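A.B. asks: Protein sequence lines, in the order shown, are assigned to chains E and H.
Take the position in the first sequence, starting the count at 1, then add 65; the result is the number in this note's numbering.
Take the position in the second sequence, starting the count at 1, then add 141; the result is the number in this note's numbering.
Don't read these hints as lab results, they were simulated from the structure.
Heads up, a few of these hints could be off.
What the hints assert, rightly or not - For lysine to any residue, the following SDA-like pairs were computed, each having C-alpha atoms within a straight-line distance of at most 20 Å: (1) Lys272/E to Glu176/H; (2) Lys180/H to Ile293/E; (3) Lys298/E to Leu201/H; (4) Lys298/E to Pro255/E; (5) Lys174/H to Ile262/E; (6) Lys298/E to Phe200/H; (7) Lys174/H to Gly168/E; (8) Lys180/H to Ile294/E; (9) Lys180/H to Trp168/H; (10) Lys253/E to Leu219/H; (11) Lys108/E to Ser138/E; (12) Lys174/H to Ala167/E; (13) Lys272/E to Leu201/H; (14) Lys180/H to Ser138/E; (15) Lys108/E to Gly168/E; (16) Lys272/E to Met207/H.
What the hints assert, rightly or not - If you anchor each label on the Cβ, the simulated ranges turn out as follows: (17) Trp168/H to Leu143/E: 41 to 51 Å; (18) Arg220/H to Met139/E: 44 to 54 Å; (19) Leu157/H to Arg81/E: 24 to 34 Å; (20) Asp145/H to His196/E: 28 to 38 Å; (21) Asp145/H to Trp252/E: 15 to 25 Å; (22) Ala259/E to Leu169/H: 41 to 51 Å; (23) Arg220/H to Leu143/E: 45 to 55 Å; (24) Pro255/E to Gly177/H: 35 to 45 Å; (25) Lys253/E to Met207/H: 20 to 30 Å; (26) Phe77/E to Leu239/H: 35 to 45 Å; (27) Arg81/E to Leu221/H: 37 to 47 Å; (28) Ala259/E to Arg220/H: 21 to 31 Å.
Computed from a prediction, not measured in an experiment: that's the story for all the values here.
Glycine residues also receive a C-beta, built at the ideal position from the N, C-alpha and C atoms.
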Amino acid sequence: MVCVGGGLNLNFSEFRRGFLDIFPMTLAYAPIAALWGSVAASKGLSPLEAVLMSAGVYSGAGQFVAMDLWATSMPLALFIFAIGTVALRHVLMSASVSRHIAGFPRWLASILLFWLTDEAWAMVERRALTHPITVSYYVGVALPLWPNWILFTGIGAALGQAIGDSSRIGLDFAFAAMFIAVLAGFWKGPKTAAVLIASSIFAVLGKIYLPGAWYILAGGIAGIVVAIITYTKGSQE
Amino acid sequence: MSLDSHTLLLILLMGLATYSTRIVGYWLLRGRKVEGRMKAALDAVPPAILMAVIAPTVFLQGYAEMMAGALTLAAALLRLPLLVTIAVGMASVVVFRLVLN
């Protein structure tokens, strides 16, 4: 049981724990943000527009897709729909995380969920395996990526030229490495294996045959369906 | 610094579309008692989504990424700190790319 009082008392050590958990990702994100900024500049966005988009949309995947579609003759509604579909995985993520932040006041949770990125969410789920989630932890884990993303977007847009190749120092693999590390904590036996196998197969097929970020949803839903099928009453999983 | 009104509109709509996906799951489930199959489904969200995000990176890019993924997993299963695990992943992908490509 997560009590509201315990969640709302701002606790520095909880904040610090969250901040330290997400800190490596702020480093990994800086070059990605700068790269996006330089792409945005090449599409004709001013640094101010690029910074506003990073602050207001705050979705790496969504913003890269937006730049792919920028200045095409695509109708406005279809463009927004495309951005929304890229973000659809958040529906599942916020459904899952709702159980860990059930003690937050509804208004506060609704505001804080604006900062629910893949990385912050992964950290919250990881933490929730062993600890209740406090507001302080959530703020510590979710907020630092935002100013970082905005700042480096602005720098990239101002420089306006292709930023160096981040794969040289393995930065492009940092996200995969972090997700693998978090993933390891969710292992609960053969049923988890079934979920992971289904998710991998459908994500890989989705990556090959579907446009945009649909592969995430394809893999995610396949894994969830397997979990529903393999569910047995009274099991601990 | 220029700010085009059409661009501002697009930013607002994109922001709304993205934000609504971030709260809808919460709003649908908040205050509900989650058990049985529903709980099993939600418990599967983290592994299923995390796996789906990384599967193309690890399985489709080449042997270097596959090997680095395996080493990262080994580091994670040894319960090394997160930062160390990420460092293992990044260092190993650089080395495997040099060796294998």
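A.B. asks: If a hint holds in the structure, say so; if it doesn't, say that too.
C.D. replies: Cross-check of the supplied hints:
1. Lys272/E to Glu176/H: violated, 32 Å
2. Lys180/H to Ile293/E: holds, 9 Å
3. Lys298/E to Leu201/H: violated, 37 Å
4. Lys298/E to Pro255/E: holds, 16 Å
5. Lys174/H to Ile262/E: violated, 29 Å
6. Lys298/E to Phe200/H: violated, 34 Å
7. Lys174/H to Gly168/E: Satisfied, since the Cα-Cα distance of roughly 14 Å is no more than 20 Å.
8. Lys180/H to Ile294/E: The given pair, whose Cα atoms are some 13 Å apart, holds under the 20 Å limit.
9. Lys180/H to Trp168/H: holds, 16 Å
10. Lys253/E to Leu219/H: Satisfied, since the Cα-Cα distance of roughly 16 Å is no more than 20 Å.
11. Lys108/E to Ser138/E: Holds, at roughly 14 Å.
12. Lys174/H to Ala167/E: Between Lys174/H and Ala167/E the Cα gap is close to 11 Å, so the pair holds against 20 Å.
13. Lys272/E to Leu201/H: Within the cut-off at roughly 9 Å; holds.
14. Lys180/H to Ser138/E: violated, 44 Å
15. Lys108/E to Gly168/E: violated, 43 Å
16. Lys272/E to Met207/H: Holds: Lys272/E and Met207/H sit about 16 Å apart, inside 20 Å.
17. Trp168/H to Leu143/E: 41 to 51 Å: violated, 26 Å
18. Arg220/H to Met139/E: 44 to 54 Å: With Cβ atoms ~48 Å apart, the hint holds.
19. Leu157/H to Arg81/E: 24 to 34 Å: Given about 33 Å between the Cβ atoms, the range holds.
20. Asp145/H to His196/E: 28 to 38 Å: violated, 46 Å
21. Asp145/H to Trp252/E: 15 to 25 Å: violated, 49 Å
22. Ala259/E to Leu169/H: 41 to 51 Å: violated, 26 Å
23. Arg220/H to Leu143/E: 45 to 55 Å: Taking Cβ atoms as reference, Arg220/H and Leu143/E lie about 47 Å apart, which means the hint holds.
24. Pro255/E to Gly177/H: 35 to 45 Å: For Pro255/E and Gly177/H the Cβ distance comes to about 20 Å; the hint is violated.
25. Lys253/E to Met207/H: 20 to 30 Å: For Met207/H against Lys253/E, whose Cβ atoms are near 24 Å apart, the range 20 to 30 Å holds.
26. Phe77/E to Leu239/H: 35 to 45 Å: At 43 Å between Cβs, range holds.
27. Arg81/E to Leu221/H: 37 to 47 Å: violated, 21 Å
28. Ala259/E to Arg220/H: 21 to 31 Å: At roughly 24 Å between Cβ atoms, Arg220/H and Ala259/E fall inside 21 to 31 Å, so the hint holds.
This entry does not satisfy hints 1, 3, 5, 6, 14, 15, 17, 20, 21, 22, 24 and 27, going by the numbered hints stated previously.
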